[in-house]
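Peer 1: Each chain is listed here by its residues.
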Amino acid sequence: MSTATRIHDAQADPAAQGRPTVSGLTLRLPFDPLLLLATLGLLACSLVTLAGATKEDIPGSPDYFVNRQAIFAGVGLLLMVVVARVDYSRLRELTWGLYAFLLLSILAVFALGSSTRGATLAIVLPGFSLQTSELGKVLLVLVLAGFLVDRARRIADRDTTARAMLLALVPTFLVVAQPDLGSGLVYLVIALAMLYVAGTPWRHFAGLFALGAVAVTIALVAAPAVGVTVLKPYQLDRLTSFVSPNESPGDEGYQQIQSKIAIGAGQKTGRGDQATQTKLNFLPEHHTDFIFAVVGERYGFVGAALVLSLYALLIWRSLRILTIAKNLFGALVAGGILAMLMFEVFLNVGMNLGIMPITGITLPLLSYGGSSVISTLLALGLLQSIYVQGRMAGAHKARTVL
Amino acid sequence: MEIGGPGNDGRRPAITPQLALRVAIFGGVALVLFAIVFFRLWYLQVLSGDEYVSQANDNRVREVRIQAPRGDIVDREGRVLVTNRQATVVQVVPGELPSDHAERKALYARLAQVLRMKPQTVQRIVVEQRALLPYANVTIKTDAPRSVLNYLQERKRDFPGVAVTDKYLRRYPHEELAAQLIGTVGEISPEELERKRYKGVKQGTVIGKGGIEWQYDRYLRGRDGAQLLQVDSMGGYKGELRRRQPVPGQQLKLSLDLSLQEVGQQAIATAGGGRPGAFVAMDPRNGEVMAMGSYPSFDPALFAKPISQETYEELQSEENGAPLYNRAIAGLYPTGSTFKPITALAALDAGIITPSTPIDDPGCLTVGTTEFCSPGDVGHGTVALPQALKVSSDVYFYVLGRDLNPVDGQPLQKMAKRLGVGVQTGIDLPGEVDGLVPDREWREEVGREEARCRKREKVSSCGISDMRPWSTGDNVNLSVGQGDLQATPLQMAVAYATIANDGKVVRPHLGLDVEDAQGRLVQEIEPPAARSVEIADSARDAILQGLHASASEPGGTSADVFAGWPQDRYPVYGKTGTAERGGGRPDQSWYVAFVNDPARPLVVAVTIEGGGWGATSAAPAARQILSQWFLGRRGQFVRGESHTQ
Chain A
1 MSTATRIHDA QADPAAQGRP TVSGLTLRLP FDPLLLLATL GLLACSLVTL AGATKEDIPG
61 SPDYFVNRQA IFAGVGLLLM VVVARVDYSR LRELTWGLYA FLLLSILAVF ALGSSTRGAT
121 LAIVLPGFSL QTSELGKVLL VLVLAGFLVD RARRIADRDT TARAMLLALV PTFLVVAQPD
181 LGSGLVYLVI ALAMLYVAGT PWRHFAGLFA LGAVAVTIAL VAAPAVGVTV LKPYQLDRLT
241 SFVSPNESPG DEGYQQIQSK IAIGAGQKTG RGDQATQTKL NFLPEHHTDF IFAVVGERYG
301 FVGAALVLSL YALLIWRSLR ILTIAKNLFG ALVAGGILAM LMFEVFLNVG MNLGIMPITG
361 ITLPLLSYGG SSVISTLLAL GLLQSIYVQG RMAGAHKART VL
Chain B
1 MEIGGPGNDG RRPAITPQLA LRVAIFGGVA LVLFAIVFFR LWYLQVLSGD EYVSQANDNR
61 VREVRIQAPR GDIVDREGRV LVTNRQATVV QVVPGELPSD HAERKALYAR LAQVLRMKPQ
121 TVQRIVVEQR ALLPYANVTI KTDAPRSVLN YLQERKRDFP GVAVTDKYLR RYPHEELAAQ
181 LIGTVGEISP EELERKRYKG VKQGTVIGKG GIEWQYDRYL RGRDGAQLLQ VDSMGGYKGE
241 LRRRQPVPGQ QLKLSLDLSL QEVGQQAIAT AGGGRPGAFV AMDPRNGEVM AMGSYPSFDP
301 ALFAKPISQE TYEELQSEEN GAPLYNRAIA GLYPTGSTFK PITALAALDA GIITPSTPID
361 DPGCLTVGTT EFCSPGDVGH GTVALPQALK VSSDVYFYVL GRDLNPVDGQ PLQKMAKRLG
421 VGVQTGIDLP GEVDGLVPDR EWREEVGREE ARCRKREKVS SCGISDMRPW STGDNVNLSV
481 GQGDLQATPL QMAVAYATIA NDGKVVRPHL GLDVEDAQGR LVQEIEPPAA RSVEIADSAR
541 DAILQGLHAS ASEPGGTSAD VFAGWPQDRY PVYGKTGTAE RGGGRPDQSW YVAFVNDPAR
601 PLVVAVTIEG GGWGATSAAP AARQILSQWF LGRRGQFVRG ESHTQ
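Quick mapping for you: the protein sequence lines, in order, are chains A and B.
Going by my numbering, the first sequence opens with residue 1, and the numbers climb by one from there.
Going by my numbering, the second sequence opens with residue 1, and the numbers climb by one from there.
Reference listing, derived: stretches of chain B covered by chain A, where coverage requires no fewer than 3 residues with Cβ under 8 Å from a Cβ of chain A:
| id | stretch |
| --- | --- |
| 1 | 32-42 |
| 2 | 52-65 |
Only some residues are given here: those of chain B computed to face chain A with a beta carbon under 8 Å:
| id | residue |
| --- | --- |
| 3 | GLN18 |
| 4 | LEU19 |
| 5 | ARG22 |
| 6 | VAL23 |
| 7 | PHE26 |
| 8 | GLY27 |
| 9 | GLN45 |
| 10 | VAL46 |
| 11 | SER48 |
| 12 | GLY49 |
| 13 | ASP232 |
| 14 | LYS238 |
Ranges of calculated distance between the beta carbons of each label pair, as one might list FRET restraints:
| id | chain 1 | residue 1 | chain 2 | residue 2 | range |
| --- | --- | --- | --- | --- | --- |
| 15 | B | ALA35 | A | GLY97 | 39 to 45 Å |
| 16 | B | GLU191 | A | LEU211 | 56 to 62 Å |
| 17 | A | VAL226 | B | GLY200 | 55 to 61 Å |
Calculated from the structure, these hints are not laboratory results.
Since the structure is predicted, the reported quantities are computational estimates derived from the model, not experimental observations.
Just so you know, even glycine gets a beta-carbon here, dropped at the ideal spot from N, CA and C.
Using the sequences and the hints, build the whole thing.
Peer 2: Below, the structure written as structure tokens:
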């Protein structure tokens, strides 16, 4: 095992027991280098892509988006380093406080938020608009992890599953009401994934899916029939236009078609500055939701494959960190973050490639947006912390890992 | 693996066999999802990349037409009949309009004032055109006066988004000259776009809509060029990518003679005194049409710009004489006595008479129970063929018609059709009609049609036919060009040309050759092959003798019209015709003649609707045409006195 030397090192340094010390960390990297590599690589891809794609978006300031994204990335990386050096386990104590903060921050958007295109998603601060639903994803992971650890012995109880789902559904409904369907879906997926990692019996999942199917039927069929609209028309359009984009090429289908054209036109090595789909604005939201299509058009299969590989690395490292977590709380947090990243990446990339409906989910680290980038980097900081703690604990106990 | 105690979560190892399995499933799912995404990426970018590149280009590239000037049409001497001129077009460039609503409205108001239009009209045009072609400039006015152009260009700053450009419009220096024959032009219609004839022609192209413009459209049209523009998703202009130069249309030379055409049109206008009429002047040897006209005419320039429905209806209305209608090829009339030479040929061919067979003309002939009489019941005594043609004896030809009827194969009808009567001549013009040489079969057919119609509609008469069988009387009527006979002036010209050139039935044509813009020959238009009819020399001689006497000797039906004509140099062979049109309408005046000059022979056919006696209106017009052709001056318009059919 490759850990042999490290075990030796750890044993040679008793200070590494319990809490991290500077001297203990000097002997090995205080972070997972591959995870950091993936993180920095994706941020670099984001900046390069934005630099090319948004040059003409704001006349007179070609670097507007790049500069801001660089600042977000810088702030996010700083926070990531801080979080990575803290023992994440301490956050368990804050479970209910975090939950209260989560709900309040989402409610604050209703009270203080500004509306764009029929949706109130963000609180506008000077120079920055805070989308609390993004931060909420990380908070939800911590809250659910804390709750599930408390209930670890009764994980097979129906009661545990029901309560956990209830905890998740409250913020889910709140963000869907903003309306931010995408984040709502992420919250649900986080909850399900954490139950899964916690060891919830399969039959509970079966029951949840059955309930979900009933709920969806009511929301989409029964409720509109009696005059209650659960989904806004444009949300329904997005979901249905995915099924047949060519029938509504005017708006929702249009985005999907233009995205496919952009990616396809990139061919093997991309069109560089001839990327007309982006440059001439045929591709909407090219700095946020459809940035993957920009990568595909500008840098071709080579560029898109590089980005996907970096995500593969990110997800592989997340899985690995899940397995080396020193405690269940860590494993659950890692599982939640892993599920969040995976779901976001596949839904967004799938939507760009025309195989997933348009849900307004951004591509983590690549899409422009402070709330998203900083929240994702916070989550990655937690993963780094789990890695570091797991390493130290493992070294201490000479524990073999998967 | 160490199992931590329950509740002792801080020290409890995270990984259990159950979790290991679940993590493995997690990894498996991630692997599958990555595989799907990679495959999809490969499919889009590597397998179907080319298709998406072309779709991306379709997205961004817009074509703006550069109009190609249409080819000129010239007469046989190269004199211009139709050419182009540049017209000022005032357009609005949607992308450059003021974005402020009130400013835009004020601009429309200013523009409307300059163009003498209503502001609402300007706004409506902009809105409508933008809905059709969002990126293209909107044409507000075609052919604005030059002063408007200057005004707008001097005050460019007051008119943001208003552009003044040029456009080629058809110019007709001779206005009404040969208007129906030349035809008009217009933008291709959606229906025409689908036709095979216009394969490869783009929307918005100006094409020939009638006459020569239609017939030779593929030479005249040229090929529009294009500016390939790059646009963004809002249709905004982002620069020119490429330019394809337009290819001007080729010049078309017609067989028409401009001076003869002018004289002919004036002659029939004078002859008819406002009544509709038509004429054809043709080289009998090869069918080259030297002049062809229909009265009333119109100014084709009306069609160069968008035409109002009202004007168009006026041009088609019967009350105005339907100026759009080319009577020379589409006007169907009984021909009156101009048919007689054909009857004579048929009778000679069938052996019923010889050129010298005498027939008594007491003025009337009774066939069965019907009496057929000459005008005023005037008889001409005993006449043989040449004399019968000279004085236009009706009874002589009644007898031939009566005697030809029982002969097998209906030789009279057969001869008429062989000479080109009642069938399209095949001239290179659209809209030619067949006409009708009535025969037994036709009468039976219309009788059956009438019967079917009466049965279907349950009415006592449909007006298609009186359902009587073919009778000798029908043939007697036909023998003098009366009854159900329907022929065009061009058909009569062809029939006489056949007599003139000894049996060669020419196919009339107008197109001579295609030249490039510098007048260099590009392609000669091959005159179509001619048919031939066998005409015995003796028969031809007798007919020529009669036709010449008719126009030259005292007592000939058109002799007084040709008084003073140099018959020794240019012997005229002509025949008057006066056809009854029934219903109390005035008679149809006809004259068909040829001068078989070895150098430049000419056959002329003239008809005037309601023009009365052939000698009164049609013959004098024909003389003027012949005079212009042979003597270089039209001469006086002299009405003849002969009151014969």
